[in-house]
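2 protein chains.
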Amino acid sequence: MPEDLRQTERTTISRHAERGSFCRKTAYAILDEGMVAHVGFDIGNGITVIPMTYARLSDEIVLHGAIASRWLSSFEGGKPVSVCVTLLDGLVLAQSAFSHSMNYRSVVCFGDATVVTGKDKKQAAFKAFVDHLVPGRWEDSRQPDTKETNATVVLSVPIDEASIKIRSGPPKDSIKDLNLGYWSGVVPLQLTPGAPIRDPLMETEKAVPKYVVDYKRP
Amino acid sequence: MPEDLRQTERTTISRHAERGSFCRKTAYAILDEGMVAHVGFDIGNGITVIPMTYARLSDEIVLHGAIASRWLSSFEGGKPVSVCVTLLDGLVLAQSAFSHSMNYRSVVCFGDATVVTGKDKKQAAFKAFVDHLVPGRWEDSRQPDTKETNATVVLSVPIDEASIKIRSGPPKDSIKDLNLGYWSGVVPLQLTPGAPIRDPLMETEKAVPKYVVDYKRP
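Residue numbers (our numbering), protein chains in the order written: chain E, 1 to 218; chain H, 1 to 218.
Some hints could be false.
Unchecked claim - Result set (DSS-like, lysine-lysine): computed pairs, CA atoms no more than 25 Å apart in a straight line: (1) K176(H) with K127(E); (2) K210(E) with K172(H); (3) K127(E) with K210(H); (4) K206(E) with K176(H); (5) K172(E) with K127(H); (6) K176(E) with K147(H); (7) K172(E) with K119(E); (8) K79(E) with K147(H); (9) K176(E) with K127(H); (10) K172(H) with K216(E); (11) K172(E) with K210(H); (12) K79(H) with K172(E).
In short, the hints are calculated from the structure, not lab data.
If we strip away everything but chain E, and leave its shape as in the complex, we get (with noise of 0.2 Å):
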């Protein structure tokens, strides 16, 4: 795989270049903290973007639906779609209203996404979901049975053409307005995980994991 990603038109970043980047690495490592994929397609009605969990699976970005969504059928033989997953790191508070904005991290991801059929790789892609959200759980819960794996569709779509952008640091006001007043700085933010709520239906009284009770994102 080339280090950098594909530059072609629609990966070219018009506005604050200087935020834009092409390094696989640094796709990879956005793509393996988020969670939630915002995924773009078109299946005849317009575009429609949804939420979707995902995983990467050395470079590709695997999704997933059950086989009786309306618009994963639509998928056999492949079809474009725009994949787009962001990190909120914090709020920028200017001096002007103007110069106010978001820390962040995301990758845009442009390509098609054609359905997995091997065997192999379904079941890869079925590890990749789960151990992508609780690292190590794959391998303490009930995997997938013939009849699950049949039930549900994995998409596919490669880390090829696409962008990452980062906005990081201090606000950026002008020289001029620097002097105004008003407190500026930094709120950041993070994803923070909260006790775990016991599922009152399991029937065996089992100790929180390991890998839950020390959870947090890479």
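With chain E held as given, fit chain H onto it using these hints.
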């Protein structure tokens, strides 16, 4: 405004219909809590999904960008978009890998994004962008001058053809899986503010405002 959002073919929830809703009030609550919208559009080179800040202005979602932005300039006259706001509330760990899920609340909105031209409405949108992220901040910052106002394009999308999807609560394993002996339950997730970081370039020393110290989402 009708109490319910408009149900059409594309806003009809095909899977897990029990998670769907068209309640306008609920949609507003999700939109008011969220901070990033994922916006899908096609300006001639395929579907693109990008993250944007936004605000709700009564029954519209307003978006904004620089007038110099390549893609924004093509919205003159209106262009269809899909706008999705997702709040991630938790990870759902079931006995079976197949029943793993996420707790979330999302709104998907379809409509034509049109350029806001009225000066007053544009100003109202600017206020909404800032106060949506940090309530009270607009009055405590320098407001946009004519040059900044003219350099910014505001888009409006009606909150009309839209749907909500919500998953909450414990895992939903099959009865036969409840005694498998794994731990099952929910790991709640919340976007949490950290300690504010002062802008090193701020020239006047100023206490951190109360709306920053006490920061939390609605």
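These are the hints, each one checked on the structure:
1. K176(H) with K127(E): This hinted pair holds, its Cα atoms lying about 22 Å apart.
2. K210(E) with K172(H): Holds. K210(E) to K172(H) sits at ~22 Å (cutoff 25 Å).
3. K127(E) with K210(H): 45 Å, violated
4. K206(E) with K176(H): 18 Å, holds
5. K172(E) with K127(H): 19 Å, holds
6. K176(E) with K147(H): Holds, because 15 Å separates the two Cα atoms, which is no more than 25 Å.
7. K172(E) with K119(E): 51 Å, violated
8. K79(E) with K147(H): This hinted pair is violated, its Cα atoms lying about 43 Å apart.
9. K176(E) with K127(H): 22 Å, holds
10. K172(H) with K216(E): 24 Å, holds
11. K172(E) with K210(H): Holds. K172(E) to K210(H) sits at ~22 Å (cutoff 25 Å).
12. K79(H) with K172(E): 32 Å, violated
When held up to the earlier numbered hints, the structure conflicts with 3, 7, 8 and 12 and fits the remainder.
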